[in-house]
Amino acid sequence: MSAPAEITQSIDSLFTEALYRLEPKERHTSLLALLKKELAYACNRNLRFRNYVEHWPVHFDTADTLADLPYLPVGAFKANPPLALVEANEVKRTLTSSATTGQVPSRVVLDAETAKRMTKGVTTIIRDFIGPARKPYLVIDTPENLSTQGELGARGAAIQGLRSFATEVDCCLRRDPEGNTSLDLEKLFAFAARWREVEVLAYGFTYVMWTQFVQPLRSRGITLGIPNVRVLHSGGWKRLERDAVTREVFMEGVASVFGCSADRVIDFYGMVENVGVVYPDCKHGNKHVPAFAEIVVRNPLTLAPVVAGEKGLVQVCSVLPTSFPGFLVLTEDMAEIIDYDECPCGRRGTSFRFAGRVPKAEVRGCGNLETTRYQ
Amino acid sequence: MNDLMLSQEVHSPQEIICVVQRLREIAREQEIAPQTVLDVFEKWAGALDGRELRQVPGLAFLRLWLRRGTLEPILVRELGPDFLDGHWREDGRARLRAFPLGTVGHWPAGNIEIQPILSLTCALLGGNSCLVRVPSGLLEITQQIMEKLQEVDRKGLLTARTCMVSFDHSRTDIHEAMAQAVDGAMIWGGAQAVSQVRKLSFPHWARVAVFGPRLSVAAMDAETWGNPAERSSWCRRIARDLWQFEQRACSSPQTLFLEYGAGCDPGEFVNDLRRALQEENLGHPRQQIEPSLTSGICLARALWLLEDTANRAVFPASPDWTILLGRGSEIPKPTQGRTLSVLLANELSEVISKFDGTVQTLGVAVKSAEREEKLAQTAGRNGVDRVVKMGRMHLFSSPWDGADLIRPMVRLVRHVPSQE
Numbered sequence: 459m460s461a462p463a464e465i466t467q468s469i470d471s472l473f474t475e476a477l478y479r480l481e482p483k484e485r486h487t488s489l490l491a492l493l494k495k496e497l498a499y500a501c502n503r504n505l506r507f508r509n510y511v512e513h514w515p516v517h518f519d520t521a522d523t524l525a526d527l528p529y530l531p532v533g534a535f536k537a538n539p540p541l542a543l544v545e546a547n548e549v550k551r552t553l554t555s556s557a558t559t560g561q562v563p564s565r566v567v568l569d570a571e572t573a574k575r576m577t578k579g580v581t582t583i584i585r586d587f588i589g590p591a592r593k594p595y596l597v598i599d600t601p602e603n604l605s606t607q608g609e610l611g612a613r614g615a616a617i618q619g620l621r622s623f624a625t626e627v628d629c630c631l632r633r634d635p636e637g638n639t640s641l642d643l644e645k646l647f648a649f650a651a652r653w654r655e656v657e658v659l660a661y662g663f664t665y666v667m668w669t670q671f672v673q674p675l676r677s678r679g680i681t682l683g684i685p686n687v688r689v690l691h692s693g694g695w696k697r698l699e700r701d702a703v704t705r706e707v708f709m710e711g712v713a714s715v716f717g718c719s720a721d722r723v724i725d726f727y728g729m730v731e732n733v734g735v736v737y738p739d740c741k742h743g744n745k746h747v748p749a750f751a752e753i754v755v756r757n758p759l760t761l762a763p764v765v766a767g768e769k770g771l772v773q774v775c776s777v778l779p780t781s782f783p784g785f786l787v788l789t790e791d792m793a794e795i796i797d798y799d800e801c802p803c804g805r806r807g808t809s810f811r812f813a814g815r816v817p818k819a820e821v822r823g824c825g826n827l828e829t830t831r832y833q
Numbered sequence: 158m159n160d161l162m163l164s165q166e167v168h169s170p171q172e173i174i175c176v177v178q179r180l181r182e183i184a185r186e187q188e189i190a191p192q193t194v195l196d197v198f199e200k201w202a203g204a205l206d207g208r209e210l211r212q213v214p215g216l217a218f219l220r221l222w223l224r225r226g227t228l229e230p231i232l233v234r235e236l237g238p239d240f241l242d243g244h245w246r247e248d249g250r251a252r253l254r255a256f257p258l259g260t261v262g263h264w265p266a267g268n269i270e271i272q273p274i275l276s277l278t279c280a281l282l283g284g285n286s287c288l289v290r291v292p293s294g295l296l297e298i299t300q301q302i303m304e305k306l307q308e309v310d311r312k313g314l315l316t317a318r319t320c321m322v323s324f325d326h327s328r329t330d331i332h333e334a335m336a337q338a339v340d341g342a343m344i345w346g347g348a349q350a351v352s353q354v355r356k357l358s359f360p361h362w363a364r365v366a367v368f369g370p371r372l373s374v375a376a377m378d379a380e381t382w383g384n385p386a387e388r389s390s391w392c393r394r395i396a397r398d399l400w401q402f403e404q405r406a407c408s409s410p411q412t413l414f415l416e417y418g419a420g421c422d423p424g425e426f427v428n429d430l431r432r433a434l435q436e437e438n439l440g441h442p443r444q445q446i447e448p449s450l451t452s453g454i455c456l457a458r459a460l461w462l463l464e465d466t467a468n469r470a471v472f473p474a475s476p477d478w479t480i481l482l483g484r485g486s487e488i489p490k491p492t493q494g495r496t497l498s499v500l501l502a503n504e505l506s507e508v509i510s511k512f513d514g515t516v517q518t519l520g521v522a523v524k525s526a527e528r529e530e531k532l533a534q535t536a537g538r539n540g541v542d543r544v545v546k547m548g549r550m551h552l553f554s555s556p557w558d559g560a561d562l563i564r565p566m567v568r569l570v571r572h573v574p575s576q577e
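For the record, the sequence lines run as chains H and R.
459 is the number of the first residue of the first sequence in our numbering; add one for each residue after it.
158 is the number of the first residue of the second sequence in our numbering; add one for each residue after it.
Excised from the complex, chain R in its bound form (with noise of 0.2 Å):
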């Protein structure tokens, strides 16, 4: 077993120094080229598909990001057909090849299970070694991922270039002494945490990617929403994309507006929303919930029906879900925890025009092909990073928050040969 790679508890900022050591001689005496990443990703993938793991969300959605036919072409996108094979490319009278940064820092957010491990493959994709801090509530189920890329990585090709750590979330010194020993950084979570890790001393070289916090929201045109034969549907895609990740993550729809139509009945479309997030709950019921999230999912109902008489709401007697219902075209601030405001608006492009650079997804349920194309772009003119279907808003791809997730932590080099 490679000692490095399983999470290892971390005291002291010394003992940050000497693992860095360690992945930096490693990285800098093994090159690793891109193909046998995906082979091993490919395998890994394979690996996962255990019972003890099915249970962790978004595996699934890992199995599918580990496979060849998913990372290839993003590979190819980023840095070209010719990084695959770890050849030059021509460029004029010189010749460019991507190289890795070093050793990459991960920071990843403690909301999303799989969060650790996406931000290590991107880094790895680039031929990094890297230094993850896991986030304690996650330490288990990393854990276990990992456990199966040990077990198909016999070689260790990825396993001794990968230290997964943990220490205090309070503890700024080895904050610190991890910071200043990497040469790049990936940096997820919501505002205090990203605020905090930006602050740390970075060497000056080093490259920082934070993906971060935003939040996310959902539009649908009178067409669709008011069309009963296509509304049930539509209500439960919004209900998977609310249920995921405890609408905690930056692609977590906060908000739905529903665009005014004459004869469609909001009533009729609460109608079917309730039963699209009920069903959802039969069959993903919560296991557990952070008691300040049970006050704040009371208190956003309380302060919601409080605030205006005309606003409405449906919910349990539980916190599992609620919908807020209202008129308005600004985004009420979020509550999580599966707590979804509908707003109704005049019109769409009134209200993406309002968006500012915090709005990471808009998803979409837009009849014409025409409007949704105007739609989106209004919403990338005012910051909005992905424009998807209602039901994909979760679907991490590249470029997230409108920026590439392997790129960033590789260099570019440049060669003008000497002899012409």
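For reference, chain H alone in the conformation it holds in the complex (with noise of 0.2 Å):
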């Protein structure tokens, strides 16, 4: 069953306005109503969720602000079967997390209507970053990851989520039989000679752009000459910060080797769990969100939101999913609220920058019992 015409001309409507010029106080009272009804639907499509809303201490009907509504954690998406609004029989793809080896995944479940609404929105928060022109799309991963087929990881979706920008696609990585991954210089070669004169769009995955690109392509001295690229990445910095290399270090490797200016290389922060929004770092390095979303920056001992300069727990808000209960959802990971409004980049609205994930707490008292003495 799709969504009420209400709820899907409101959110169609959202696409229309100008992504980050709206007044906040205007951009939170028409979220706030929409979400309002969003919320009702989907108690009335998934009664699970529905007893989750209605023990929230403040009803959603009564709630002055968005922080006020009821936010589900990002783990009750490793639900298996998913939290869904929709029959089995109208999900067209479920999207998984890169969760690490042993984690469970997160799953999300998209129907026709979100699946076309995350693509649209993606595509016009990036077309604002990177304008509008389609061109050639270089994607720094394996053409494995190019699949439409079943099961979409957050590096497919990433990478299928920019290719309404391509002319045409190009994987510059390859898998061998034994699954060992290299850089396949021939083709990357052949790429960079063909556009070295014009706009060119380049995405990875951050760790995978950094040991499988950047890394090999630097230890050759090799660079490709291509000072029109626009290079996007996205995921964890875990890993990086582990071999100690900041962003600084990170942007100026990436634009070394492609021969470009460091500012030409964006890093996005966005999730399977909030599908259809992203959030490049603009010029000042600040993240923004877009018409359709809102980010909560909430205080752990309190859960209440930040002022500005304060760092917390992002809280990520999008009206676009209606197959699943992702409207509200609670991040593991932390952020900082830059302002409320007013970035000197000209995007209104909150700017925010991403701080990590939460730390594993280090303390664990004796009463923390891992595994059961009897099983």
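The hints are simulated quantities; they were obtained by calculation from the structure and are not laboratory data.
Some hints here could point you the wrong way.
What the hints assert, rightly or not - Covered stretches of chain H, going by a simulated chain R footprint (3 or more residues, C-beta under 8 Å):
{"#": "1", "stretch": "580-592"}
{"#": "2", "stretch": "674-685"}
{"#": "3", "stretch": "758-771"}
{"#": "4", "stretch": "783-792"}
Unchecked claim - With a straight-line cut-off of 20 Å between C-alpha atoms, the simulated EDC-like cross-links for lysine to aspartate or glutamate are:
{"#": "5", "chain 1": "H", "residue 1": "K645", "chain 2": "H", "residue 2": "D634"}
{"#": "6", "chain 1": "R", "residue 1": "K511", "chain 2": "R", "residue 2": "E529"}
{"#": "7", "chain 1": "H", "residue 1": "K818", "chain 2": "R", "residue 2": "E380"}
{"#": "8", "chain 1": "H", "residue 1": "K769", "chain 2": "R", "residue 2": "D325"}
{"#": "9", "chain 1": "H", "residue 1": "K536", "chain 2": "R", "residue 2": "E464"}
{"#": "10", "chain 1": "H", "residue 1": "K818", "chain 2": "R", "residue 2": "D325"}
{"#": "11", "chain 1": "R", "residue 1": "K546", "chain 2": "R", "residue 2": "E380"}
{"#": "12", "chain 1": "H", "residue 1": "K495", "chain 2": "H", "residue 2": "E571"}
{"#": "13", "chain 1": "H", "residue 1": "K645", "chain 2": "H", "residue 2": "E626"}
{"#": "14", "chain 1": "H", "residue 1": "K536", "chain 2": "R", "residue 2": "D465"}
For every residue, glycine included, the Cβ atom is placed at its ideal position computed from N, Cα and C.
With the hints in hand, could you dock these two chains into one complex?
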């Protein structure tokens, strides 16, 4: 069953609004009204979700602010079967998060409408940062991750999300029969030679881009000479931090192998549970929220929203999904609110900076049992 | 000032070896009588009354613990009355007397502010010298408490045989050196910490006492929780147990089992419990929290309510406290951070008979003494080491985790005289 027309029309209308130019209060009011309708719809579609919402300290109908609405912690999307607001036969695609080894990935289900909005959302946002023109698209990944069949992981989803900007697509990594990945230099050189003079789009997962692309090229002293490239990357920094690779080192490294300026390298934050919304860095290093989304950064002690300049747990909000209850999701990431309006880049609304994953607690009490004694 | 006593940061295994050599020499050269230890402890308890230490969680209990009136009966029970005077005890044709192991290494858990001190006192009472690895988060508090000992122990009787050290938890080489240098070990903590320390190569003669990891639960019969006149006071008791040590202690209740009773309304109970938790929160608001614990609390609330539409929950917008209400006789995975699962069960005896060795303390509120005795028997048979009144679940005493606290760190020497 599709979401009611009243909801879908309201979502669609947000795509026609100025993406980052709305007055924050006005935007908040319209998002709050729409999210309330979506919560009511979700409660009707999923009894388990309704049980959760009904126990929230503030009933969503009476909430005055978006921060008062009931949010789901991101771990709730690890449930199997996934939390859904549509019937199984309506599911067109299941997205999975990039869980590290041994962890259970999040799974979110997309129906045709939500899948369409996902693409539209990402495209609209990225367009604001790299312009509307289609470009040759260099994927710093293997062709296997281009597949559009079956379950789609976070890497695949990001690659697919940018496809609408592509005139043609080339992957510059290859996988041998043993599963080892390496750089396809011949293909890469051909791409560079062919598109040296034009604007090009390149995308890769942050860690993959560094270890499989930048490091091998730098070790051989290779510069591709594509000064007009727009390099987008996303994904965790944990492993790079472990290797002492800072953002500055990363950006300079990427710029040096492409032969472009470092300001053409854009990091964006996104997660499968927050479909259709990505948060690229503006030229001042801040992330912004589009018209159809919001960010709440919560103080871990009180869970109340923080003031500008403070760090806390990130809650992402989006009106785009109607096939799963991913409207309001408390992530396991930390961020700092830079301002609630007026970034020097001209984009309005909340601006923030990602501050890493929630650190695992070091102190573990004597009441911390990992296994039971007798099974 | 005795340079051995106050916290010192250790950077190499050699430093640990040097410290232990000095501690061992002092312990061998200067035997200390239990009465002397008790005298210094009594003074120490008095010195801990300062305003600057009042906010330290568990300090009131530590003061009580250090009193002669608390410790003397424990010593007598564990080692006999003769031990107090340092005399040999007749044992048929032989004589017995307790001697210290030597140097005892302590690995306290990081979640209980006074635990480094509690662990230390147990081994000092046995006449040992002590090397305590203080967790990084407790350095300041431990230092403050030890400064009070230094004030009262002018002759350095105890401070000379004590060394508090700190080093990064990942420094396996220093942990290893500490383990190899000691004659006994007292290890406290969670599953991961305990298993890592137990893996260290202690000398073959070393005695190792492990406390934790365990969890605790509470149980109320219908007659108690169904009685409106008594209910709110019991709810205040469970709130107290829940609050202390952020529910991370092995004696912290994670689940409260309520036995079904005709005419008993769980809704009324939860209302009383909510009020008790709100009051406790007003009196003792949280000052800080690990963001990962906040995430865990939010997730526990969500998973509980998403799992079964019959499940209920009560919680504020903050992570201050959480009640998860449902049915069942199994202990759910603990969340900690003042998150209490309240489960309705048909029979408390059925619940308790399912316990395995993971349950340390069973806090009870049962009307009939006869019934409680039967439940205590069942609990004992099913691995529970403490059955105590709700509201007193954290009262540290001997035995703990089913074991004596002082005796494991002493040797009983048997002397059969050659001339009869």
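20 Å Cα cutoff - pair K645 (chain H), E626 (chain H): holds, 14 Å
Restraint status (C-alpha distance of K546 (chain R) to E380 (chain R) at most 20 Å): holds, 15 Å
Proposed proximity, D465 (chain R) with K536 (chain H) (alpha carbon, max 20 Å): holds, 16 Å
Whether chain R covers the stretch 758-771 of chain H (at least 3 residues having a Cβ closer than 8 Å to its Cβ atoms): Coverage by chain R holds here, the residue count being 7 at a Cβ distance below 8 Å.
Outcome, coverage hint (the stretch 580-592 of chain H, chain R; C-beta under 8 Å; three residues): The restraint on the stretch 580-592 of chain H is violated, since only 0 of its residues have a Cβ under 8 Å from chain R and three are required.
20 Å Cα cutoff - pair K818 (chain H), D325 (chain R): holds, 16 Å
Restraint status (C-alpha distance of K645 (chain H) to D634 (chain H) at most 20 Å): holds, 15 Å
Restraint status (C-alpha distance of K536 (chain H) to E464 (chain R) at most 20 Å): Holds: K536 (chain H) and E464 (chain R) sit about 12 Å apart, inside 20 Å.
Agreement of K818 (chain H) and E380 (chain R) with the hint, judged by alpha carbon distance not exceeding 20 Å: violated, 43 Å
Coverage of the stretch 674-685 of chain H by chain R, judged on three or more residues with CB within 8 Å: violated (count 0)
Coverage assertion for the stretch 783-792 of chain H with respect to chain R, Cβ distance below 8 Å, three residues required: holds (count 3)
Straight-line alpha-carbon gap K495 (chain H) to E571 (chain H), limit 20 Å: holds, 17 Å
In the structure shown, a violation is registered for the earlier hints numbered 1, 2, 7, 8, in ascending order.
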